[in-house]
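Residue strings, one per chain:
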Amino acid sequence: MKDDLYLAGKPGTETVMLGNHALARGAVEAGVELVSAYPGTPSSEIVEALNEASIGQGFYAQWSTNEKVAFDVAAGASLVGAKALVAMKSAGINVAMDTFVTVPYGGIKGSLVVVVADDPDAHFSSTEHDSRPLAKQAEILCLEPADAGEAKEMVRQAFDLSHQLQLPVMVRTVSRVSHGSANVTLGPIQRTEKKLGFNKHYDFQYRWNVYGPPGTRSKHEWLVKQFPKLEEYAEKSPFNQLKLAPGSRIGIIAGGLGSAYAYEAIRRLGLQDQVNWLKLGTAFPIPTKMVGEVLKNSDKVLIVDEGTNWIEGLVREIAQRTGARCEIVGKGLDQAMPMWGELDTDMVVRALAPLVGAKVAEDSARKSLKDDLAARICPRSSTLCAGCPHLGSYWGLRLALQRYKDGVHLLNGDIGCYEQAGYGIFAENLFSNDDSHLWKAQSVYEMLDTIYVMGSALGMAQGQALAGYKDGKVVAVAGDSTFFHACLPSVANTAWNGGQVVFMVLDNRWTAMTGHQASPTTGRVGNGSPAKSLDIATAAKALGFDHVLTADAFDIRTVKTALDEAFKLDGPVVLVVSGECRLQTVRRERNVVRPRTTVDTDKCNGCGTCLQLGCPALGVGPDGEKSEIDQILCNSCGLCAQVCNRKAINLQGGAH
Amino acid sequence: MSATNVIVAGVGGQGSILAAHILGKSALRQAAKTGKPVQVRIGETYGAAMRGGKVFSHVRIGDVRAPLTPTDGADLIVGLEPLETLRVAIPYLAPGGVCLLNTTPYVPADVKMGRAKYPELDGLLSALGKLGRKVLSFDATAVAQDLGKPQVMSVVMLGAASAMGILPVDEESLKETIKEEAPKGTAELNLRAFDRGRDVAASLLKTGARL
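In the order they appear, the protein sequences are chains A and B. Quick note, the first sequence lines up with residues 1 to 656 if you use the numbering used here. Quick note, the second sequence lines up with residues 657 to 867 if you use the numbering used here.
It should be emphasised that the hints constitute simulated quantities derived from the structure, not laboratory data. We put the CB at the ideal spot given by N, CA and C, even for glycine. Hints should not be assumed to be uniformly reliable.
Residues from chain A that face chain B, not an exhaustive set, calculated with beta carbons under 8 Å [claimed, not checked]:
1) Asp346
2) Pro379
3) Val525
4) Gly614
5) Gly619
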């Protein structure tokens, strides 16, 4: 998609822009000087855009090894006066939490804008984590855009606000804003003349050392005393809009994307200019006076909020303070809208209708037609890509574990493409609370037993082993990017404390799942320039692992042989399984003629073994029995040829 | 509330996101020409799979703010893949809405591995007909392959959609946007794909085939 307006578009141009690109454009318009992030969907495109834009645009951008590092890099830049931006997804703010809550104690000299992309409905995430309460925990301002246009404007203004308030400013988006597109009018790009400088005693003594005198307590006091400035801003922020409807006793307070659904719900019910309306663009703090006006002028107030009932809680606090006696309806006790999943206009209509005495009709004939149709559709499970090296890694693991048939093996997964091995295809026949069942993996998609957060696999595996688990092998997997993101302390811990664990690092050279960003093993940095390629095996050895093995993911035999050895060794083992993300190889070597993978139908007996490999290019042919390869999808990796027992699959014209 | 809601449904890699953005940008281009401003919202829904996952793009043009089409609110579904068209039509196709469908299936791994059954195409078409007002279907993948590049299938579908008289965007604006948005060196091919799609739909509309 050609969309480079985030760096080059002319001021005044109106366009339709992706929310993440709009956030990036806002930073460019503000004259950003340093940008850092670890990729995480739905936030990745912000810094991806800025990485591309950074060359020749007078600012620096990087992919960091994790969110805490990214946060430290941006915070450091702000201390010498730079305009810095750090971006992450909801899970990432947890990683950065330590610095995130500490930096405000010392204040900011330049500006620090923290963009956090939440994911209601968990489209791409393990939780629906609402990050806004963390702004309150850090005691900083939080802005929340309703669409891409506002997202751009908020980021642009957040740089100035951060500088004025001497505090980081958080911008919270959600997937539908980050990955949604809307009208954006481009503004002028401000060029910042770099005037970096450091002052040990900026504004007050020993400011940057949170532990030094005058002490943490008094720094917290300073921070808390800034709060009125935040409240003052909330009252006059252009992103908060109050419109009272004379004579109406119904109010709506809607935050961020919730305001977009509320806007349409009001129109659907024909209530334009008939309700007291407050649209909130500040998620913390919210404007006490404006909220008070709505509460005072209404008997019933509906709170429309994307995420948890965060805004509702803040409104109830104001109602308690101001003695308002109106009924507040939202996602809390009354459950007018659910606190899980995401909103849509229909939900808001259903919550609003009873307040205004309107009826929402339901068509039962249509509903039964829909139920009938729903029964016919089949699932489309998420899979690894055709030619993915992880298909080979997992097949090798399956082969090696076959030697220990009686074992109840524990395979601990981590976050990345390879987590697909824990999704299951069309999950059926699930047994709950029944230890007597041995779950038979029918494909590579049913292997992983645990998946939680980045870097947790190895630590969990170590815990299982050290607690004395003996019923089977204990394995952990992680990718190259995850290895450097959150595994390193665990690698040191395992080398130090021991544990009979086999840790497979599946190195495909890219942070592929979030859209192929560079990883420490890629040999490039974010903007594409050549860089060091860090070696995982060397790192594991340096951190104290005695047993470090390697294998080629595209040569299944080497994976199996290495695992055979690993399972026999005494003590923890790191096995680095390497094979570049096939999509990247194919993209780069666009003009290379690759061998065609074909099925010899005379030899194929339809046993279906190759289908269990889980490659999307493999299927069953027109006879309903023998295997067939989709030539458009196939990336000629040769893995299926290796798993076929009858040598019925061949690569015509050489090896992979 | 005056708005047109279009959903482009397909599978990752089929070009649904590009098609949605061409639609959205064309609407703004036309607004700039006619001086009648519009709001455009595009809501993309896709899962974790890089390739082969389901992708739905909601394109909303008019007096809109939200990225998602309301239930039973889609005026047109541009279906790049049959199963995914049905999946999105069930919640969103308006009783008076129209479905435009590429008949070539992209078979899910679940089906390939023998764990699920792909719905019969004929049954699927009649089901879509009951849910909305009209279904127009043809093999757009074959048309694209005939042009030498299966990747232009989504633009063939866009061309067909533009012939149906539902889009609030004129042919000229669409073509100008395609010229600008097409990957380097493919503008001519994409414009040809657009015209071919238009022709196919126009003749289908004339004969009333499968309506």
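| field | Index of numbered hints that the structure contradicts, given in increasing order | value | Going through the list in order, the structure violates hint 3 alone and respects the others.
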